[in-house]
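Chains as they are written, first to last, in my numbering: chain A, 1 to 792; chain B, 1 to 192.
Please note that the accuracy of each hint is not assured.
What the hints assert, rightly or not - Capping the alpha-carbon separation at 27 Å, the derived lysine-lysine pairs in DSSO-like fashion look like this:
{"id": "1", "chain 1": "A", "residue 1": "Lys675", "chain 2": "B", "residue 2": "Lys31"}
{"id": "2", "chain 1": "B", "residue 1": "Lys28", "chain 2": "A", "residue 2": "Lys761"}
{"id": "3", "chain 1": "A", "residue 1": "Lys741", "chain 2": "A", "residue 2": "Lys726"}
{"id": "4", "chain 1": "B", "residue 1": "Lys129", "chain 2": "B", "residue 2": "Lys163"}
{"id": "5", "chain 1": "A", "residue 1": "Lys347", "chain 2": "B", "residue 2": "Lys28"}
{"id": "6", "chain 1": "A", "residue 1": "Lys347", "chain 2": "A", "residue 2": "Lys377"}
{"id": "7", "chain 1": "B", "residue 1": "Lys7", "chain 2": "B", "residue 2": "Lys28"}
{"id": "8", "chain 1": "A", "residue 1": "Lys347", "chain 2": "B", "residue 2": "Lys96"}
{"id": "9", "chain 1": "B", "residue 1": "Lys163", "chain 2": "B", "residue 2": "Lys187"}
{"id": "10", "chain 1": "A", "residue 1": "Lys761", "chain 2": "B", "residue 2": "Lys96"}
{"id": "11", "chain 1": "B", "residue 1": "Lys31", "chain 2": "A", "residue 2": "Lys347"}
{"id": "12", "chain 1": "B", "residue 1": "Lys96", "chain 2": "A", "residue 2": "Lys462"}
{"id": "13", "chain 1": "B", "residue 1": "Lys183", "chain 2": "B", "residue 2": "Lys23"}
Source of the hints: derived by calculation from the structure; they are not laboratory data.
Okay, here's what each chain looks like letter by letter:
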Amino acid sequence: MVSSEEPRIGVFICHCGGNISDVVDVEKVREAASKMPGVVVAETNRYMCSKTGLDLIKDSIKKYGLNRVVEASCTPRMHLNTFRRALVDTGLNPYLLDMVNIREHCSWVHTDKDTATEKAIAIVRGSVMRAHHLEPLQPEYRPVERSVMVVGGGVSGIFASLELANKGYQVYLVDRKPSIGGRMMQLSKTFPTLDCSTCILAPRMVEVGQHPNVKIITLAEPVKVSGSPGNYDVTLRIKPRYVDVSNCASCGDCAKKCPMKRVPNEHEAGLAYRTAIYLPFPQAIPQAYVIDPEHCLYFQKGTCKVCAKACTRGAINFDDKERLETIRVGAIVLATGIDVMDPSPLKEYSYGQHPDIVTNLQFERLLLQGMLRPSDKNVPKKVAFILCVGSRSPERAQAYCSKVCCMIALKQAFLLKEFHAESEPWVFYTDMRAAGKWYEEFYTRCREHGVKFVRGRVAEVKPNGSSITLRAEDTLLGAQIEENFDLVVLSTALLPSIGTKEVGQLVGMDTGPDGFLLEKHYKLEPVDGAWTGVYAAGCALGPKDVRESVVEAMSAASRASTFLGGGKIEVSPEKAFVIEDLCDGCGVCLQYCPKNALSISNGKATINPVSCIGCGICVPVCPKQAIDLKHNTEKQLLASIYGVSQGNLKPLIVAFTEKVVGYRAADMYGLDRRKYPPNIVIIEVPTTRRVGLKHVLHAFNAGADGVVFVEAEDNWYGLSKEDGLKQFRGHVSQIQRELRKFGVDAARVMAVAVTLPQYYKLEIFDTVVNRVKGAKPLTDDAKAKIKGVLSS
Amino acid sequence: MNTWSRKITPDMMDPNFETTLRKKLGEKGEKIPLCFQCGVCSGSCPVAFAMDFTPRQIMELIKLGVKDLVLNSSTIWLCAACYSCSVRCPQGVDLKQVMDTLKEMALEDPKYSVAEKAFYEKFIEVVRKNGRMDEVALYVKLMPKSTIMRNLGFGLKLYQKGKIHLSPTKSNSADQVAKIFEKVLAKEVQQQ
Ligand SMILES: Cc1cc2nc3c(=O)[nH]c(=O)nc-3n(C[C@H](O)[C@H](O)[C@H](O)COP(=O)(O)OP(=O)(O)OC[C@H]3O[C@@H](n4cnc5c(N)ncnc54)[C@H](O)[C@@H]3O)c2cc1C
Ligand code: SF4
Ligand code: SF4
Ligand code: SF4
Numbered sequence: 001m002v003s004s005e006e007p008r009i010g011v012f013i014c015h016c017g018g019n020i021s022d023v024v025d026v027e028k029v030r031e032a033a034s035k036m037p038g039v040v041v042a043e044t045n046r047y048m049c050s051k052t053g054l055d056l057i058k059d060s061i062k063k064y065g066l067n068r069v070v071e072a073s074c075t076p077r078m079h080l081n082t083f084r085r086a087l088v089d090t091g092l093n094p095y096l097l098d099m100v101n102i103r104e105h106c107s108w109v110h111t112d113k114d115t116a117t118e119k120a121i122a123i124v125r126g127s128v129m130r131a132h133h134l135e136p137l138q139p140e141y142r143p144v145e146r147s148v149m150v151v152g153g154g155v156s157g158i159f160a161s162l163e164l165a166n167k168g169y170q171v172y173l174v175d176r177k178p179s180i181g182g183r184m185m186q187l188s189k190t191f192p193t194l195d196c197s198t199c200i201l202a203p204r205m206v207e208v209g210q211h212p213n214v215k216i217i218t219l220a221e222p223v224k225v226s227g228s229p230g231n232y233d234v235t236l237r238i239k240p241r242y243v244d245v246s247n248c249a250s251c252g253d254c255a256k257k258c259p260m261k262r263v264p265n266e267h268e269a270g271l272a273y274r275t276a277i278y279l280p281f282p283q284a285i286p287q288a289y290v291i292d293p294e295h296c297l298y299f300q301k302g303t304c305k306v307c308a309k310a311c312t313r314g315a316i317n318f319d320d321k322e323r324l325e326t327i328r329v330g331a332i333v334l335a336t337g338i339d340v341m342d343p344s345p346l347k348e349y350s351y352g353q354h355p356d357i358v359t360n361l362q363f364e365r366l367l368l369q370g371m372l373r374p375s376d377k378n379v380p381k382k383v384a385f386i387l388c389v390g391s392r393s394p395e396r397a398q399a400y401c402s403k404v405c406c407m408i409a410l411k412q413a414f415l416l417k418e419f420h421a422e423s424e425p426w427v428f429y430t431d432m433r434a435a436g437k438w439y440e441e442f443y444t445r446c447r448e449h450g451v452k453f454v455r456g457r458v459a460e461v462k463p464n465g466s467s468i469t470l471r472a473e474d475t476l477l478g479a480q481i482e483e484n485f486d487l488v489v490l491s492t493a494l495l496p497s498i499g500t501k502e503v504g505q506l507v508g509m510d511t512g513p514d515g516f517l518l519e520k521h522y523k524l525e526p527v528d529g530a531w532t533g534v535y536a537a538g539c540a541l542g543p544k545d546v547r548e549s550v551v552e553a554m555s556a557a558s559r560a561s562t563f564l565g566g567g568k569i570e571v572s573p574e575k576a577f578v579i580e581d582l583c584d585g586c587g588v589c590l591q592y593c594p595k596n597a598l599s600i601s602n603g604k605a606t607i608n609p610v611s612c613i614g615c616g617i618c619v620p621v622c623p624k625q626a627i628d629l630k631h632n633t634e635k636q637l638l639a640s641i642y643g644v645s646q647g648n649l650k651p652l653i654v655a656f657t658e659k660v661v662g663y664r665a666a667d668m669y670g671l672d673r674r675k676y677p678p679n680i681v682i683i684e685v686p687t688t689r690r691v692g693l694k695h696v697l698h699a700f701n702a703g704a705d706g707v708v709f710v711e712a713e714d715n716w717y718g719l720s721k722e723d724g725l726k727q728f729r730g731h732v733s734q735i736q737r738e739l740r741k742f743g744v745d746a747a748r749v750m751a752v753a754v755t756l757p758q759y760y761k762l763e764i765f766d767t768v769v770n771r772v773k774g775a776k777p778l779t780d781d782a783k784a785k786i787k788g789v790l791s792s
Numbered sequence: 001m002n003t004w005s006r007k008i009t010p011d012m013m014d015p016n017f018e019t020t021l022r023k024k025l026g027e028k029g030e031k032i033p034l035c036f037q038c039g040v041c042s043g044s045c046p047v048a049f050a051m052d053f054t055p056r057q058i059m060e061l062i063k064l065g066v067k068d069l070v071l072n073s074s075t076i077w078l079c080a081a082c083y084s085c086s087v088r089c090p091q092g093v094d095l096k097q098v099m100d101t102l103k104e105m106a107l108e109d110p111k112y113s114v115a116e117k118a119f120y121e122k123f124i125e126v127v128r129k130n131g132r133m134d135e136v137a138l139y140v141k142l143m144p145k146s147t148i149m150r151n152l153g154f155g156l157k158l159y160q161k162g163k164i165h166l167s168p169t170k171s172n173s174a175d176q177v178a179k180i181f182e183k184v185l186a187k188e189v190q191q192q
């Protein structure tokens with residue numbers, strides 16, 4: 001067995017074509033590595049990930065009979081599998097590889113060559129020492145559920161569902177509204193081809209509604225997600241409809257009798273009324289009426305129910321109740337779409353002060369209602385379209401460009417002209433963004449059609465009797481322009497749907513500074529979430545047009561089916577295990593496990609490997625040291641600590657960094673070429689709570705001068721962010737308190753929690769180094785005390 | 001009013017202009033490069049109609065570094081300090097503050113001699129001396145003798161109707177106003 005053989009380690013150091021070698025003297029690292037214990041060979045190469053590099057590794061394994069490999073290059077998030085494959089190709093177990101990140105965590109974040117090289121040597125030493133204790137491990141496989149939940153039934157959700165259903169997956173299409181359809185069902189015609197929006201979407205809605213593999217669940221939204229990739233349990237909160245969908249014939253007899261006739265109609269963007277029992281719109285799927293309890297006389301005042309009397313089929317049920325339902329699915333697609341910003345906080349546009357100042361969404365409805373002014377139902381002659389209302393305004397509203405409003409305004413101006421040939425559409429724009437297939441051509445068509453364009457962002461919209469006065473600068477002339485209009489259309493910013501952040505958090509998907517969901521990799525994994533088996537599509541990821549939404553929907557469906565298609569998922573063997581001889585069955589560990597994976601049977605702790613996520617929280621809490629963690633064993637962790645802490649870097653600070661978010665945040669810091677002092681060396685751990693007082697004492701004993709814990713701000717294995725943070729802080733301050741007993745200044749231990757978008761929070765590393773420099777000295781007395789405790 | 005040839009040539013450029021201005025503005029200066037020429041400022045400006053360059057154009061000239069056109073523009077003197085531009089700018093440019101700083105820069109150099117600047121300076125002089133505005137005094141300071149002589153008849157008519165006074169009208173609190181001037185000046189010196 002490999003683990004019992006004498007270690008024969010090969011160290012392979014990559015130049016990364018200068019990315020590493022411009023800052024780190026790789027030759028010096030190679031020299032130092034070749035003298036480290038157990039190292040048989042140390043090599044460098046321009047690109048270790050290239051065929052030549054990989055061949056060098058494979059040949060060396062054979063030539064020198066290596067049984068451990070240390071690869072010093074870029075982040076393992078990039079090439080771990082590439083290098084593992086090289087081991088597998090030569091018959092070595094892939095877990096006998098250890099990677100050292102001398103790029104993102106070294107050459108990209110440091111500038112001084114000498115100290116950067118010094119640091120590279122230290123982390124290579126940590127890895128070599130750890131490699132001594134690596135053991136071969138076998139991954140396990142678990143079956144996956146062949147079903148997908150699609151959240152959001154707009155065009156994106158509908159297309160993702162159809163694609164998956166046609167591939168044979170069971171799909172649950174969930175929408176919180178009473179009908180699927182999303183924004184597109186509110187639109188008139190769609191740019192640039194001007195097909196009627198409902199005409200192209202409604203047939204797909206019918207198709208998805210009748211598909212044997214699709215179950216549509218409306219008035220529902222996810223409130224909890226548990227489980228793991230391939231086996232997620234999603235709990236939905238389903239609101240009562242008060243109408244039995246299978247029984248309702250949507251004849252409308254109920255609505256005719258409903259006394260509540262002036263409820264603002266959401267589908268008409270507030271420009272018409274509906275009854276309290278209503279059909280969301282004629283093509284609604286499911287085709288069934290729904291009661292809006294907020295406006296229903298019975299729910300508000302306790303008497304009425306005339307609709308129930310009117311319904312000859314007895315489809316109305318006032319006893320319907322809100323309920324929770326949990327569904328197990330293999331994968332999840334978020335397609336929660338967009339809302340249109342309320343422009344009233346931007347006072348200069350006077351939205352709400354005059355009935356003829358409307359949003360672009362309302363204008364879509366006006367086009368469908370006959371294109372008359374809301375105020376007097378006259379044909380509007382002069383109509384102004386104002387762009388960038390609330391967009392591209394970092395200091396006033398949204399910083400981003402809403403991407404489609406230029407095209408929306410062009411389309412609307414064009415359609416207006418088509419509707420009323422004598423009308424005069426004016427488009428006031430900041431920059432005309434018509435980049436897309438057939439978009440520029442559409443812009444040209446608009447000019448041919450007589451749409452007027454003024455380059456200047458409107459400064460002021462003022463109601464002026466029955467008309468509305470606009471003021472702007474025609475920036476091309478450098479002259480102010482003041483004009484009166486019959487109707488003013490605000491092309492308002494598109495916002496992420498209300499609740500996007502919350503629903504994202506349920507499935508580990510962050511939102512960016514713009515509030516839209518953050519994909520795993522901007523370019524290369526554009527529809528993936530951070531968790532395997534979670535995807536997103538359409539406007540949930542950012543404003544976009546229908547075509548692009550559909551493309552993303554199909555990509556997300558394809559990603560989900562690739563994931564589920566194999567029928568099983570590889571489960572990491574990196575799990576905790578109990579050393580039975582040491583365990584006395586005290587059960588202390590049970591209360592710490594976030595996944596309830598631990599139980600006591602026959603007087604000993606046992607771990608359910610299916611539930612265990614390998615967080616390692618149980619390891620330091622066991623008073624008998626009877627629990628250990630595969631691939632991050634006590635021996636391996638201590639070896640890393642001792643390895644990195646030797647050498648000349650002073651002060652030396654060990655950064656115990658959580659592997660999912662913390663480690664990647666440090667990668668992104670490097671990717672951004674931000675800098676921190678080379679005194680910080682990162683040791684990857686499954687969570688910072690894998691690291692106990694003992695490990696911190698060992699770090700000081702090994703020569704470190706400080707410790708910093710880098711944790712994920714919202715990745716707490718089921719705990720809420722607040723509780724998770726509280727536990728994290730508690731854990732660190734407990735360690736600080738204990739250290740004081742040894743006479744170690746608490747300033748030598750710090751904690752930071754990051755999220756991926758806030759990776760820059762790692763700039764705290766500068767402070768950490770300064771605080772350690774300013775801390776009370778580590779006295780010989782304290783060191784002796786630590787040594788004493790550790791040896792006993 | 002500024003007249004220029006509508007052609008910007010190398011001799012008109014000062015590559016350090018924007019940097020100098022940004023330094024003077026401190027933190028507020030950081031927003032200057034963010035201007036994307038949307039025109040909200042000019043559209044909001046109550047005096048833009050009378051300016052030779054609109055406020056947005058001033059921003060463009062600053063970014064190009066055409067110092068002389070900026071510091072010799074009427075814009076900076078006509079700015080009414082109403083803050084409409086600063087409040088509405090989507091990029092957070094405090095244009096009113098920019099205008100103030102440009103005025104300071106133009107005052108430092110006598111080569112900038114646009115009429116609006118002279119008016120501004122004389123106006124301040126009169127107020128400083130009399131503690132209030134005095135139309136006749138300002139008129140006499142601003143106009144060449146020949147013009148004054150030519151308009152004597154009109155002036156007489158105004159005088160007869162009681163619209164203007166011939167003896168200088170001094171405010172009762174003129175010395176207090178003068179003190180304010182002194183204080184402000186002292187502060188400015190201190191800041192420099
Ligand atoms: C005024 C206007 C005009 C437009 N004109 C055009 C055009 O002419 N051409 C064009 O190509 N594009 C146009 N667009 C853009 C187009 O509407 C979008 O690209 C498209 O609707 C995006 O579809 P989606 O499915 O991603 O999101 P949406 O259509 O917004 O659908 C999202 C769905 O998710 C549901 N949902 C949200 N949150 C939850 C939750 N937590 N739980 C359950 N369900 C949830 C919502 O109820 C909704 O049904 C226009 C947009 C607007 C606003
Ligand atoms: S798409 Fe056009 S109108 Fe919309 S924010 Fe971008 S530039 Fe402004
Ligand atoms: S490693 Fe984490 S999940 Fe596994 S048993 Fe220990 S505490 Fe539980
Ligand atoms: S409002 Fe602001 S961004 Fe727009 S032109 Fe004026 S200064 Fe530039």
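Here is how each hint holds up against the structure:
no., hint, result
1, A:Lys675 with B:Lys31, "25 Å, holds"
2, B:Lys28 with A:Lys761, "25 Å, holds"
3, A:Lys741 with A:Lys726, "23 Å, holds"
4, B:Lys129 with B:Lys163, "21 Å, holds"
5, A:Lys347 with B:Lys28, "24 Å, holds"
6, A:Lys347 with A:Lys377, "26 Å, holds"
7, B:Lys7 with B:Lys28, "30 Å, violated"
8, A:Lys347 with B:Lys96, "20 Å, holds"
9, B:Lys163 with B:Lys187, "37 Å, violated"
10, A:Lys761 with B:Lys96, "35 Å, violated"
11, B:Lys31 with A:Lys347, "23 Å, holds"
12, B:Lys96 with A:Lys462, "23 Å, holds"
13, B:Lys183 with B:Lys23, "25 Å, holds"
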